[in-house]
Amino acid sequence: MQTTWPGYYLDGKTADKEPVRVELSINGLKLTLADGTAIYWSYQEIRQVAGFYGNDPVRFEKGSDIPEILIVEDHEFLIHLHEFTPQKAQRFHNPARRSARFRLTLLAAVAVAAITVFVYAWGIPFAASVITPYVPVAWEAGLGKSALNVLAPEDHRCRNPKLTAALQQMVLRLTEKEKIPYNISIYVTDTNIVNAVALPGGSIVVFRGLLEKTKSPDALAGVLAHEIQHITRRHATKRIIADSSTGLILSAVSGDVTGAVVYGAKIAHNLAMLSYSRKDEEEADREGMKMLLSVGIDPGGLIGFFESLQEKDAKNANVPRVLKYLATHPDTAERIAKMKAAAAASPRPSSPAFPRLEREWDRIKKGCKGK
Amino acid sequence: MKEEANMEESAEKATEKPKSYYFTFCGTGGTLFGIQIVNLFLILVTFGIYYFWGKARVRKYIWSQIDICGDRLSYQGTGKETFFGWLKAMLIFGIPFLFFQNAPQLLGAPFPVTIICIIMSFILFLIFLPIAMIGMRKYRLSRTALRGIRFSFRGRWWEFARIFYGGLGLMAITLGFYRPYWDMRINAYIMQKTFFGSKRFDFDGKGSDLFGRYVLSFIPVVFAIVLTFLTIISHIATPLSRSTMLLIPLLMFIFVISFFISQFIYGYFSKKYTWNHMTFDTVRFQTTITFGGYFWLYISNLLLLMVTLGFGLPWVKVRTLRYVMDHLTLNGHLDMAAIVQDAQLSTATGEEIGGFLELDMDLA
Chain A
-7 MQTTWPGYYL DGKTADKEPV RVELSINGLK LTLADGTAIY WSYQEIRQVA GFYGNDPVRF
53 EKGSDIPEIL IVEDHEFLIH LHEFTPQKAQ RFHNPARRSA RFRLTLLAAV AVAAITVFVY
113 AWGIPFAASV ITPYVPVAWE AGLGKSALNV LAPEDHRCRN PKLTAALQQM VLRLTEKEKI
173 PYNISIYVTD TNIVNAVALP GGSIVVFRGL LEKTKSPDAL AGVLAHEIQH ITRRHATKRI
233 IADSSTGLIL SAVSGDVTGA VVYGAKIAHN LAMLSYSRKD EEEADREGMK MLLSVGIDPG
293 GLIGFFESLQ EKDAKNANVP RVLKYLATHP DTAERIAKMK AAAAASPRPS SPAFPRLERE
353 WDRIKKGCKG K
Chain B
2 MKEEANMEES AEKATEKPKS YYFTFCGTGG TLFGIQIVNL FLILVTFGIY YFWGKARVRK
62 YIWSQIDICG DRLSYQGTGK ETFFGWLKAM LIFGIPFLFF QNAPQLLGAP FPVTIICIIM
122 SFILFLIFLP IAMIGMRKYR LSRTALRGIR FSFRGRWWEF ARIFYGGLGL MAITLGFYRP
182 YWDMRINAYI MQKTFFGSKR FDFDGKGSDL FGRYVLSFIP VVFAIVLTFL TIISHIATPL
242 SRSTMLLIPL LMFIFVISFF ISQFIYGYFS KKYTWNHMTF DTVRFQTTIT FGGYFWLYIS
302 NLLLLMVTLG FGLPWVKVRT LRYVMDHLTL NGHLDMAAIV QDAQLSTATG EEIGGFLELD
362 MDLA
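Top line first, the protein sequences correspond to chains A and B. Residue numbers for the first sequence follow our numbering, so the first one is -7 and each next one is one higher. Residue numbers for the second sequence follow our numbering, so the first one is 2 and each next one is one higher.
Rather than coming from a laboratory, the hints here were simulated on the basis of the structure. Using N, Cα and C, we set each Cβ at its ideal position, and we do this for glycine too. What you were told as hints is all true, and nothing was included just to trick you.
Below, computed lysine to aspartate or glutamate pairings styled on DMTMM-like, alpha-carbon distance capped at 20 Å:
1) A/Lys54 to B/Asp343
2) A/Lys22 to A/Asp3
3) A/Lys9 to B/Asp343
4) A/Lys54 to B/Asp72
5) A/Lys5 to B/Asp336
6) A/Lys9 to B/Asp68
7) B/Lys272 to B/Asp327
8) A/Lys22 to A/Glu37
9) B/Lys272 to B/Asp203
10) B/Lys61 to A/Glu65
11) A/Lys271 to A/Asp235
12) B/Lys61 to A/Asp57
13) A/Lys5 to A/Glu37
14) A/Lys5 to B/Asp343
15) A/Lys22 to A/Glu68
16) A/Lys9 to B/Asp72
17) B/Lys61 to A/Asp48
18) B/Lys81 to A/Asp57
19) A/Lys207 to A/Asp182
20) A/Lys332 to A/Glu299
21) A/Lys5 to B/Asp282
Label pairs and their calculated CB-CB ranges:
22) B/Phe112 to A/Gln161: 24 to 34 Å
23) B/Phe312 to A/Lys330: 42 to 52 Å
24) A/Asn152 to B/Ile93: 49 to 59 Å
25) B/Ile128 to A/Ser300: 51 to 61 Å
26) B/Phe112 to A/Glu274: 30 to 40 Å
27) B/Ile93 to A/Arg13: 47 to 57 Å
28) A/Phe118 to B/Ile120: 33 to 43 Å
29) A/Lys171 to B/Phe100: 33 to 43 Å
30) B/Phe112 to A/Lys207: 31 to 41 Å
31) A/Val109 to B/Ile234: 49 to 59 Å
Kindly generate the complete structure, drawing on both the sequences and the hints.
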C-alpha cells in the first residue's frame, strides 16, 4: 500500500503553491514541504471539500474562515487512505462506494417521480380541503371582486331593471330556506358566451349567451342554484388554494419565491378559466337540485336547458368547445340522467315558481342585448 | 542593490515570452444531473428547506470543475448562509414587496389604494434591484477562491445605481442607442471593483468600439420592419380577408424572432469584446469564441432542452461552460506568489434578494 503521495500545500495567505510530500499516519497526515518543514494535520481537523466526482483532485482544508489547503491530484490517494485507516477515514469520501451513490441517485429519481404524483393527486387536494374552511369570507369577497372586474367590467354589465328584479327574485327564492354567509349578487354581462361563473365571496357572473339560451326562469334558477352551491361550498377558493399550492411546490423546487404568490393572485384574474373537479361539479349538481326542490322550483327547466345544450353540442361536434358551459361541465348525459333521477324521487311542485316571470321570460331574457 | 535586483527582474520579465494560461471545464452533465435529482428529492422531503443547501452543492460542483492552468476554483458558500440571507431578504424586501403587489387584489382594495400599492412595490423594486445586483456579486465572489485566495467585489450599490439608472435614462432618451456605452460602463465599474486577493481586475473596453456592431445587429429588426411596411402597403387598398388576417400574427412572429436574433448577435459581440478587454494585474483575457460556434451552441442547447422537455438543462449548462472555458485564455506574465489574501466580508442577503428578483450571475 502506498503511504506517501505528492501534493501541494497552500497556506491561505498567498497564492503560492508549494509542492509537498504527504505521508499517511494513524492519527493524521504529515506534510513535508520542499525546505524540509513538516506540518502535522490530525484527521479530526481536516475536512474534504473536493475530490468527490470522477478524477477530480482531492482537496483537504484545515481551519475555519481562511483555511490552509492540501491538494493531492492522484485520486487513488483516497482509496489508500481508506485502506490505511478505515475508521478514521470514514469522514472522507470513499471512491469505492461510488456505485452505491449511483444506485441512491436512481432511487432518488424514482422517489421524486412518486412524490410528485402523490402530492399532485392526493396531497394538494387534501391540503386545500383542510385549509379552505379557515379562509375568511372577507378574503374570498376581495378575490371575487378582483375577478369580477375582469369577467364583468362595469361598462359591460346589463342594468335592465326588469332583468335585475327577476334575478333578485330568483336569489331570494333560492335562499329563503337556507342561511348562507354570503351576499349573493348576480351580474349579467353582455357577452355572447354560454357560461356562468361563480366567484368566491358571493358573486355570480351570467353571460348573455347563457341567459338567452334559457327557455324559462326555472332553468336560469337551476343554473343559479348550481352556482350558489359552488360559492357556499367554496369550490373556487379550494381550487385557488390547490393551484397556489402547486405553484408553491414548483417555487420551492426552483427557488422562485415570488412565483407561488403571484400565481395564486393571478388565479383571481383567471377564474373564468378555472374548472372544478368532477367531485365538486357532482356536489354542486346534487346540492343544487336539493335547493331547487326544497324551495319548490321545478327542476324540469334546468334539465331541459341541459338537454338543449347537449343537443346543440352534438350538432356542433366538429366545432371544438363552442359551448363553454359544457366545456367546463363535462359528462352532460350522465348529469342529465342523475338530475332526472333526483327529480323523479321528489314530488314535482304543483304550481310554477315564478308565474309572472314565466309569462314575460322571452322579453326579460333579451333585456341584456345592447344593454 | 535591491533596486538593481528589481530592475534586473523586471528586465528579465520584459524579455520573457508572454505565457498563456488556459481554462478548462472538467464537469459532466450526468454528474450535475445526478446532483440535481438528489437535491430535488431532498427539497421535496424537507418542504423546500434544502433548496439553499442544494444550491450550494451545485455551485461547489460547478466551481470545482473550472480548471485554470491546473488549479481548480472552489466555492466556499454554505446553505446555512443563504438560508439566513433569505430569511433576512424576506423580512426587509420580500414581505413588503409581496404585500404591495398582492394585498390590494386579495383584500379587494379600492382602485386608488391599488395604484398606490403598485407604485410602492415599483419603488421597492427600483431600490432593491441595484442592492441585489451588487449583493449577489459580493457574496458569490467572497466565497470563490483559487489557490486558497478569495475573490472579492468592492463596489457600492449606490455607485452602481447611479451608473445603472443614469444609463437607463440615457437609453430612453437615445431610443436604445446608448446600450453599448451603458453596457461597457457597467462592465468597467464591475471589473474595476473586482479583486483576486490583493490585486484588481480592470477593463479597457469602450462603448464607441461596440457601437457599430450594435447598430449592425439590428439588421434583422430593420428587415422585419421593412417587410411589415411592404405588407401593409400591398394590402392597404384591398379589403380585409382571412389570409390578410393570418398575416398579422405571422408578421408579429417574424418581428419577435428578428428581435431575438438581434439580441443574440449583439450578445455575441458584447461578450467577446468584454472578455477581450478584461485584464488582471499584468495579464489579459482572450477569448477565441466564433459567431458560428456560439450560434451552434445556442441552437443545439435549445434543441436539447426541447427534446428532453427541460431535463437536459444540466447538459446545457455544462456544454455552455465547456465552450466558454475552452476558448478562454489569460496571456502575459502572472506572478501568483505576489498575490496575497485580502478576503472581504459579505452576507448572503443581497444574494437572496437577487434570487427573489430572479437575477442571475453567470460564470459563462
